[in-house]
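**Student:** This is what each chain is made of:
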Amino acid sequence: MSQPSALAELLPYAVADCLFTAHSRKRLLQRAAEIVDGAAPASALSADDLFDHLMERERLGSTALEHGVAIPHCRVSCDQVKLAIITLREAIDYESLDGAKTDIFFVLVVPETEKTRHLTLLAEISAICSDQANRIMIRNCQTDADLLRLFEQLSAADADDSKQAGSRSV
Amino acid sequence: MREANRTLINPLGLHARAAAKLVDVANKFASQQTLTFKTKTVDCKSIMSLLLLGAPVGSDVTIKAEGEDEIAAIAAIVELIDLGFHELEDS
Chain E
1 MSQPSALAEL
11 LPYAVADCLF
21 TAHSRKRLLQ
31 RAAEIVDGAA
41 PASALSADDL
51 FDHLMERERL
61 GSTALEHGVA
71 IPHCRVSCDQ
81 VKLAIITLRE
91 AIDYESLDGA
101 KTDIFFVLVV
111 PETEKTRHLT
121 LLAEISAICS
131 DQANRIMIRN
141 CQTDADLLRL
151 FEQLSAADAD
161 DSKQAGSRSV
Chain L
1 MREANRTLIN
11 PLGLHARAAA
21 KLVDVANKFA
31 SQQTLTFKTK
41 TVDCKSIMSL
51 LLLGAPVGSD
61 VTIKAEGEDE
71 IAAIAAIVEL
81 IDLGFHELED
91 S
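Protein sequence lines, in the order shown, are assigned to chains E and L. What the first sequence shows, in my numbering, is residues 1 to 170, in sequence order. What the second sequence shows, in my numbering, is residues 1 to 91, in sequence order.
Among these hints, one or two may not hold up.
Pairs of lysine to aspartate or glutamate, DMTMM-like flavour, derived with a Cα cap of 20 Å [claimed, not checked]:
| id | chain 1 | residue 1 | chain 2 | residue 2 |
| --- | --- | --- | --- | --- |
| 1 | E | K115 | L | D60 |
| 2 | E | K101 | L | D24 |
| 3 | L | K21 | E | E56 |
| 4 | L | K45 | L | E79 |
| 5 | L | K28 | E | E95 |
| 6 | L | K40 | E | D131 |
| 7 | L | K40 | L | E3 |
| 8 | L | K21 | E | D98 |
| 9 | L | K28 | E | D98 |
| 10 | L | K21 | E | E58 |
| 11 | L | K45 | E | E95 |
| 12 | L | K45 | L | E66 |
| 13 | L | K21 | L | D82 |
| 14 | L | K21 | E | E95 |
| 15 | E | K115 | L | E87 |
| 16 | L | K45 | E | D131 |
| 17 | L | K38 | L | D69 |
| 18 | L | K64 | L | D82 |
| 19 | E | K26 | E | E58 |
| 20 | L | K45 | E | D98 |
Restraint-style ranges between C-beta atoms, simulated for each label pair [as the list claims (entries may be wrong)]:
| id | chain 1 | residue 1 | chain 2 | residue 2 | range |
| --- | --- | --- | --- | --- | --- |
| 21 | E | L60 | L | G67 | 27 to 33 Å |
| 22 | L | E79 | E | E152 | 38 to 44 Å |
| 23 | L | R6 | E | D49 | 34 to 40 Å |
If the Cβ cut is set under 7 Å, some of the chain E residues that face chain L in the computed set are [unchecked claim]:
| id | residue |
| --- | --- |
| 24 | T63 |
| 25 | T120 |
| 26 | L122 |
| 27 | A156 |
Keep in mind that the hints were calculated from the coordinates and are not lab data. Since the model is a prediction, treat every value here as computed from it, not as a measurement. All C-beta atoms, glycine included, are put in the ideal place defined by N, C-alpha and C.
Looking at chain E on its own, in the form it has when it is part of the complex:
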């Protein structure tokens, strides 16, 4: 199967907010809900509903990973996965497992019925963000468009890597 990566498929519909200023988890998640809702205004969920769902998930345990990266997410009744990429001007405390402050956020809104695609997305995001050089490039982005363009490049490179790893000979 020669198909684009799950992340690459999602990027044309993704939204970004580069170098946003938020001093708290609450403000960050409010902004996330706003831009996800703004990208899909036809959705049955309001920005307030999305914010509540995202906060509820954080209360179960922080979605911070490591190296300043977090993946706030929630499951709602919607048709397709929605992605917002947000970077912060100044990192905030997000209760990460490694104690590092967090400034790179991948916000995922996932349909309730969806079982495996989010795992593929998380795997691709983790693969990209495990690489320190990639994290530096993400932090160097200055505009929303830069951020989305960078991820188009990184997701394509990531897909090439997995092909080389032996899933398919071209």
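Let chain E serve as the given structure and place chain L on it in line with the hints.
**Tutor:** Showing chain L alone in chain E's frame:
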């Protein structure tokens, strides 16, 4: 070195919350612990590495532990996986 093979039984597989629970358990032990799925082997103490596996329900995984408390470490991880990361009742 201790080793065990298991199958993931929770419907969402090794998603973010499950991976965080695995890191919590792994961090209780001094031993080095790894999880292998398909061709990838990762450190059980790194959530980003665990998510990188993208392991869904039904995945056959291998757990390895090496160190002074390897027996207890393997037992604790096997228990967490066999209990479906404590999420069988609510998913």
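**Student:** Indicate, hint by hint, whether the structure satisfies it.
**Tutor:** For each hint, the structure was consulted:
1. K115/E to D60/L: 17 Å, holds
2. K101/E to D24/L: 19 Å, holds
3. K21/L to E56/E: Cα-Cα ~17 Å, so holds.
4. K45/L to E79/L: 17 Å, holds
5. K28/L to E95/E: 18 Å, holds
6. K40/L to D131/E: 16 Å, holds
7. K40/L to E3/L: 16 Å, holds
8. K21/L to D98/E: 14 Å, holds
9. K28/L to D98/E: 14 Å, holds
10. K21/L to E58/E: 14 Å, holds
11. K45/L to E95/E: Holds, at roughly 16 Å.
12. K45/L to E66/L: Measuring from Cα to Cα gives roughly 13 Å; hence the hint holds.
13. K21/L to D82/L: Judged against 20 Å, a Cα distance of about 13 Å means the pair holds.
14. K21/L to E95/E: Answer holds: K21/L to E95/E is near 14 Å, not above 20 Å.
15. K115/E to E87/L: Within the cut-off at roughly 14 Å; holds.
16. K45/L to D131/E: Cα-Cα ~17 Å, so holds.
17. K38/L to D69/L: Judged against 20 Å, a Cα distance of about 26 Å means the pair is violated.
18. K64/L to D82/L: This hinted pair holds, its Cα atoms lying about 16 Å apart.
19. K26/E to E58/E: 10 Å, holds
20. K45/L to D98/E: 10 Å, holds
21. L60/E to G67/L: 27 to 33 Å: Because 30 Å falls inside the window, the suggested range holds.
22. E79/L to E152/E: 38 to 44 Å: 42 Å, holds
23. R6/L to D49/E: 34 to 40 Å: The hinted range 34 to 40 Å holds for R6/L and D49/E, with Cβ atoms some 37 Å apart.
24. T63: This interface hint holds because 6 Å falls under the 7 Å limit.
25. T120: Holds: closest Cβ of chain L sits about 5 Å from T120/E, inside 7 Å.
26. L122: 5 Å, holds
27. A156: 18 Å, violated
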